[in-house]
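Chains A and P are the protein sequences, given in the same order. Heads up, the first sequence stops at 272 in the numbering used here, and the numbers go up one at a time, no gaps. Heads up, the second sequence stops at 375 in the numbering used here, and the numbers go up one at a time, no gaps.
Hints should not be assumed to be uniformly reliable.
Stated by the list, open to error - Subject to a maximum C-alpha distance of 35 Å in a straight line, what follows is the list of computed DSBU-like cross-link-like pairs (lysine-lysine):
(1) A:K226 x P:K147
(2) P:K362 x P:K221
(3) P:K105 x A:K246
(4) P:K147 x A:K268
(5) P:K220 x P:K105
(6) P:K316 x P:K220
(7) A:K226 x A:K48
(8) P:K147 x P:K221
(9) P:K193 x P:K147
As the list claims (entries may be wrong) - Label pairs and their computed distance ranges (CB to CB):
(10) P:T200 x A:F261: 20 to 28 Å
(11) P:E319 x A:F112: 37 to 45 Å
(12) A:M80 x P:G13: 39 to 47 Å
(13) A:T88 x P:T200: 37 to 45 Å
(14) P:L108 x A:F112: 46 to 54 Å
(15) A:R139 x P:T256: 47 to 55 Å
(16) A:G204 x P:L108: 41 to 49 Å
(17) P:S36 x A:T88: 53 to 61 Å
(18) P:D45 x A:T225: 21 to 29 Å
(19) P:G112 x A:R139: 50 to 58 Å
(20) A:G204 x P:A94: 20 to 28 Å
(21) P:G13 x A:N87: 52 to 60 Å
Hints were generated in silico from the structure; no laboratory data involved. A virtual CB, placed ideally from N, CA and C, is assigned to each residue, including glycine.
Residue-level listing of the chains:
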Amino acid sequence: MKTELLCQPASTVARLTLAVGESVTCEVGAMIAMSDGLTVNTTSRSRGGGGFMQGVRRVFSGESFFLNHFHADRDGAHLIIGPSMLGDIVHHRMSGGTVVVQGSSWLASGPGIEIDTTFQGLGKALLSGESVFWVKCTGQGDLLLNSFGAIYAMDVDGEYVVDTGHIVAFEDTLSFAMTKASESLIGSLLGGEGFVCRFKGRGRLWCQSHNPPAFGAELGPKLLPR
Amino acid sequence: MAQFPGGVFDDGLPDGRAAASLVPGPEAVEARLDSGAVFVIGYDSLRMEFGGATGRMLFLRGAEPRLTLFSEAPGLLEAIAAAGGPASAGAVAGARAGQAQTRKTHLRNWGIALAVLVALWFTVPPIFRVMVDGAVQQLPLSVDVKLGELASSEMAGLGPAITDEAVAGFATEIVERLRPGLPPEIQALDLKVTVIESTQVNAFALPGGRMAVLSGLLKKADGVDMVAGVMAHELMHVRHRHGMRHIVRAAGVITALTVLAGDATGLLGIAAEGAALAALTSYSREMEAEADLDGVRLAAAAGFDPAGMPAFFRKLSEIAPDSQAPEALSWMSSHPRHDERIAALEAAIPGLVRAESTPMKHTLEAARAALKGD
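All chains should be built: construct the whole structure from the sequences, respecting the hints.
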């Protein structure tokens, strides 16, 4: 599968060109356009496993119950996909291991990647501003993630702090804990940062420039009532 | 030999990492890559700890500082213990001790969080109440009057005012009888009452002393003491400046939550909204209870039967039994439940001194006769 990112960075879409026999699994509703030579199959399964309960768990993580599988019947069939929110897309080639993705940031993945959900703990769910469940992508192949605003990758070795709501995904060799932004609790609170996510270990982390709930809170009061 | 799926971090690898199979041997753990490369960490230098996103990933490090092996496969620690025997015993014990320490830290953090929540629950509301009352004391009563004027335009939206002397005079006479029981600064206010045509059984007071009685109350009341009880209750909202206290408190709660929760979202955001609601409604319950008890005292001091107020609540629960939240949700409703209010009032009534009662110039019967549709 050949992946090209177009219209970067504010309204990025991905053009996926498949060879005959290749397939890709996408978030429901992600398809913008497609050429002939592609068969679409909608199921709640990923990588032939899982099923109903996996679909239910995905719903809790902010993704859809169903997944769309696109299968190429000819060489060069292509598909254009994009996220529902304005923002960027990142293409990551997984060579094994697991990437933990914030709910709604998973866009598409190759057939070698299994998509499931993982629970990050009640404390993190309470304080991180993210979903209670996260999407867990395990295996080898292409992984496409989307962000709200721009996205950047960071290879963490040691410690790295990200404000709540700005995490897109991280490799599971990293651990994260909710901590105060500064030494004093009052300082953290008055500084407007409150709690932050402190990552530890070694692995890659993807962050987004904008925080969807904060953006909504900023915009909401300015909208006229209908 | 058992193999465990995992990976390797090493600066020499393209991308710095690769998937590998971990194989515990008698002297070392090997990480075998698909490319055929093998990384080895001997038990003599092995250090292990749990970590990663789930806290269940085992990281293995040795003498080479940039080399780390990792795997989340269950049973790896036990396999290293079995394969290495005494050679790996120290590293295995270290990993287990670290895991126990992490568990202990988690438990301690949850304990602290719980203790802080309980402490805040009991200390913040009373301190906040004192601060709000202090702030309201600093504001002159003229602010209440202005606020009442701003809100009075909404009163007109409820229905037409009834100007018939039998109706308006009846309500005004009750207020005039209650007035001497109020402190001088409240007596000095324009305690004007308007009867509004409405089927609703209700009355309310605006900050600054303007009051409205909805004609449904006069139609349903069983006697003048019931009407007087309700009006005394409303006058006590004016006297205690509940409107101002509510506004100052709401502003304080919203400001405090904005500062404290910051850009909190998710479950914490929902919890903060719930806390704001609970703080505001519980204050209302308190204010209602205060208006009930002081109101019944005021009614008795003006010569009305204090039993009128609990009788009214009983009547109200017959008319609108569903208007209150169910028993379990009573803390959420802005008004205390009727049965709680009736019980509190009936406990207070025996201790009250009722002034001598003199006949009213305007009677409830005449007011009712003048009301349309009666």
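Hint check results:
| no. | hint | result |
| --- | --- | --- |
| 1 | A:K226 x P:K147 | violated, 44 Å |
| 2 | P:K362 x P:K221 | holds, 20 Å |
| 3 | P:K105 x A:K246 | holds, 19 Å |
| 4 | P:K147 x A:K268 | holds, 28 Å |
| 5 | P:K220 x P:K105 | violated, 67 Å |
| 6 | P:K316 x P:K220 | holds, 12 Å |
| 7 | A:K226 x A:K48 | violated, 42 Å |
| 8 | P:K147 x P:K221 | holds, 33 Å |
| 9 | P:K193 x P:K147 | holds, 14 Å |
| 10 | P:T200 x A:F261: 20 to 28 Å | violated, 46 Å |
| 11 | P:E319 x A:F112: 37 to 45 Å | violated, 53 Å |
| 12 | A:M80 x P:G13: 39 to 47 Å | holds, 42 Å |
| 13 | A:T88 x P:T200: 37 to 45 Å | violated, 55 Å |
| 14 | P:L108 x A:F112: 46 to 54 Å | violated, 40 Å |
| 15 | A:R139 x P:T256: 47 to 55 Å | holds, 49 Å |
| 16 | A:G204 x P:L108: 41 to 49 Å | violated, 26 Å |
| 17 | P:S36 x A:T88: 53 to 61 Å | violated, 38 Å |
| 18 | P:D45 x A:T225: 21 to 29 Å | violated, 36 Å |
| 19 | P:G112 x A:R139: 50 to 58 Å | violated, 44 Å |
| 20 | A:G204 x P:A94: 20 to 28 Å | holds, 26 Å |
| 21 | P:G13 x A:N87: 52 to 60 Å | violated, 42 Å |
Hints 1, 5, 7, 10, 11, 13, 14, 16, 17, 18, 19 and 21 from the list above are not met by this structure, while the remaining hints are.
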